[in-house]
Amino acid sequence: MTARGPGIAIQNLSLTLGRTEVLSGVDMTVAPGSIHALVGPNGGGKSSLIRCLLGQMPHRGTVSLNWPARPGRIGYVPQALQFDAGLPMTVGDFLGTLDGNRPGFLKPRRATRDLVEAQLARVGMAGKSGRRMGALSGGERQRVLMAQALEPAPDLLILDEPMSALDESGGAIFAEVMQSLRRDGVTVLWIEHDLLAVRRLADHVTGLARRVIFDGQPEAMLDADRVLDLFSQRSAVA
Amino acid sequence: MSFEAFRQWVQSLAEAGWLPASLGWGFAVNALLAGLITGPMLGSLGTLVVIRRHAFFAEAVGHAALTGVAIGILAGEPYTGPYGALFGYCILFTLALEYLRGRTGLSADTLIGVFLSMSLALGASILLILAGRINVHILENVLFGSILTVNGTDLAVLAIVGIAVTALSAVLYNRFMISSFHPALAQVRGLPVRTLDYLFVVLVTVVTVAALKIVGAVLVGALLVIPAAAARIVARSLAGFWWLSVGIATFATLTGILIPMEFDLPVPSGAAIILVAGTCFLICTTLRALMPAFRGDTA
Chain G
1 MTARGPGIAI QNLSLTLGRT EVLSGVDMTV APGSIHALVG PNGGGKSSLI
51 RCLLGQMPHR GTVSLNWPAR PGRIGYVPQA LQFDAGLPMT VGDFLGTLDG
101 NRPGFLKPRR ATRDLVEAQL ARVGMAGKSG RRMGALSGGE RQRVLMAQAL
151 EPAPDLLILD EPMSALDESG GAIFAEVMQS LRRDGVTVLW IEHDLLAVRR
201 LADHVTGLAR RVIFDGQPEA MLDADRVLDL FSQRSAVA
Chain R
239 MSFEAFRQWV QSLAEAGWLP ASLGWGFAVN ALLAGLITGP MLGSLGTLVV
289 IRRHAFFAEA VGHAALTGVA IGILAGEPYT GPYGALFGYC ILFTLALEYL
339 RGRTGLSADT LIGVFLSMSL ALGASILLIL AGRINVHILE NVLFGSILTV
389 NGTDLAVLAI VGIAVTALSA VLYNRFMISS FHPALAQVRG LPVRTLDYLF
439 VVLVTVVTVA ALKIVGAVLV GALLVIPAAA ARIVARSLAG FWWLSVGIAT
489 FATLTGILIP MEFDLPVPSG AAIILVAGTC FLICTTLRAL MPAFRGDTA
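Note that the protein sequences, when read in sequence, are chains G and R.
Quick note on this note's numbering: the first sequence kicks off at 1 and runs consecutively.
Quick note on this note's numbering: the second sequence kicks off at 239 and runs consecutively.
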């Protein structure tokens, strides 16, 4: 199937925050319709790279999205939110306010309610729209964030550590979602710490620690030496 | 029905004993009408103020209004309603504050603290210059609200602001919520986050100025915060939160206006309103402490 997602071309991307060089001369390409994992140590610039890609951070170098036709939809799963746990907002309120324009304090339209239920079913949380966001476990929270990013159906999906708190069944659902995105030709850029999951699900992996340490097929790249090298970079950076 | 006819109708109902006797006075009907617009408007916008953590900002705008009044009187506007200077100065104050937020490296509360103090200093200076020209007691009305001084102009301003703000905040409610909940996510989903930030502070500002006469500069911020805070304590969904906040704000405003009139208490309306709202807040905290169902974290 032809990819409906964009290709991403990053050339000579550098980013300095204060006096700290976060990214330095990063070159990287993401193929249209591929699942591209970004791995590396904390502070290695993975999240910053995404913020540059989303145009949320001034940077040097170029980041371009090459859409097949006209620009499509971008979905985004942020890192597990720092929720204001006391906020009186249910899962249904959260997804409903994103889906519809009817003010969140009014009863949502039938169509919106059905859509929210379908979104939740897709991530294995059917029937939980009445739960308070603040009362969710870390894994449930990540499922809701995932559900949010899949509606409206994205052409490019950006995931920032979407699995860090998922349990086994959550992981299985996540794998299923990734497979269906691949079938649909969606481009996925995926920050992940779980290297086994990357090896199982990704088409391509880039090791990032301020600069690109390695880049290639997961089976070939994720061997002990390279991974050791990647995660030892922080001491060299600091 | 014209406003004049409506007032006479209410007055006749009061004389016939159908409504509280104090509504037999024209000014009381004005005040009550003002309350009927102010309460729901502040209660509704207050939920967003609390979600967006703008409580201190709302207080600061109220204090800026004091300076706005001073500038207006200095510029020769009528001291009963210097709306030109009020809106002008307060919106300027707000926009400058919002512009500098995120550009100074200071946290929002520090920046607001600085602006609030500068504005108060300016206001106090101008008022002292004016002290010889005006009766300083009118300041009590500005500071703490007065139902006696609500006139047709005030009601017109309130009605226009009320319609505009209610319409805008209803249409944009979800967007305001999401953009403060997770700005980066909102931006990816195509929301103009910065524009919404500016628009929101302007909404809070015009609402504050419009409600000044009835609640007073010092206390108007409190009516944006207390009902929503009380509702947040016990509500479990967005709908519950909003309706309860609107309910408490409306109840507090109406009883705060009526009780001092009915019982002939020399209490400014703003103070009475906030005391009622504060009581509701205390009741909500007690409910939550005593009844686990209200704690919400079990859901």
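Do not rely on the hints blindly, as some may be mistaken.
[As the list claims (entries may be wrong)] On the chain G side, residues computed to face chain R include the following (Cβ under 7 Å):
| # | residue |
| --- | --- |
| 1 | A80 |
| 2 | P88 |
| 3 | G104 |
| 4 | L181 |
| 5 | D184 |
| 6 | F214 |
[To be verified] Away from chain G, derived, C-beta distances all over 12 Å, residues of chain R:
| # | residue |
| --- | --- |
| 7 | F241 |
| 8 | W247 |
| 9 | E253 |
| 10 | L257 |
| 11 | E315 |
| 12 | A369 |
| 13 | N373 |
| 14 | S384 |
| 15 | T387 |
| 16 | Y411 |
| 17 | M415 |
| 18 | L423 |
| 19 | V472 |
| 20 | A477 |
| 21 | D502 |
| 22 | V505 |
[As the list claims (entries may be wrong)] As a list, the in silico SDA-like pairs of lysine to any residue whose alpha-carbon atoms are at most 25 Å apart:
| # | chain 1 | residue 1 | chain 2 | residue 2 |
| --- | --- | --- | --- | --- |
| 23 | G | K107 | G | Q79 |
| 24 | G | K128 | R | L434 |
| 25 | G | K107 | R | L434 |
| 26 | G | K107 | R | L429 |
| 27 | G | K107 | R | R290 |
| 28 | G | K128 | G | E117 |
| 29 | G | K128 | R | F489 |
| 30 | G | K107 | R | G485 |
| 31 | G | K107 | R | F532 |
| 32 | G | K128 | G | S169 |
| 33 | G | K107 | R | P258 |
| 34 | G | K107 | R | L377 |
| 35 | G | K107 | G | S129 |
| 36 | G | K107 | R | W263 |
| 37 | G | K128 | G | G100 |
| 38 | G | K128 | R | G485 |
| 39 | G | K128 | G | A85 |
| 40 | G | K128 | R | L312 |
Please keep in mind that the hints were generated in silico from the structure rather than gathered at the bench.
Cβ atoms here follow ideal geometry from the backbone N, Cα and C, with glycine treated the same way.
Against the 25 Å threshold, does the CA-CA distance of G/K128 and R/L312 hold or violate the hint? violated, 59 Å
The output says R/N373 does not contact chain G. Does that hold with a beta carbon cutoff of 12 Å? Holds: least Cβ distance 44 Å, greater than 12 Å.
For the pair supplied as a hint, G/K128 and G/G100, confirm whether the alpha-carbon distance does not exceed 25 Å. holds, 19 Å
For R/D502, which was marked as not at the interface, is the minimum beta-carbon distance to chain G over 12 Å? holds, 38 Å
Take a quick look at R/E315 and tell me if its Cβ sits farther than 12 Å from every Cβ on chain G, holds or violated. Check passes; 36 Å lies beyond 12 Å.
Would you mind confirming whether the straight-line C-alpha gap from G/K128 to G/A85 stays at or under 25 Å? holds, 17 Å
Take the C-alpha atoms of G/K107 and R/W263, compute the straight-line distance between them, and say whether it is at most 25 Å. violated, 40 Å
Quickly compare the C-alpha distance for G/K128 and G/E117 to 25 Å and report which way the hint goes. Roughly 8 Å between the alpha carbons, so the hint for G/K128 and G/E117 holds.
R/V505: least C-beta distance to chain G exceeds 12 Å? holds, 32 Å
Please verify whether G/K107 and R/P258 have alpha carbons no more than 25 Å apart. violated, 35 Å
When you look at the beta carbon of R/F241, is every beta carbon of chain G farther off than 12 Å? holds, 29 Å
Given the hint that G/K107 pairs with R/L429, does the C-alpha gap stay at or below 25 Å? holds, 23 Å
In this structure, the earlier hints numbered 1, 4, 5, 6, 16, 17, 18, 19, 20, 23, 24, 29, 33, 34, 36, 38, 40 are contradicted, and the remaining ones agree with it.
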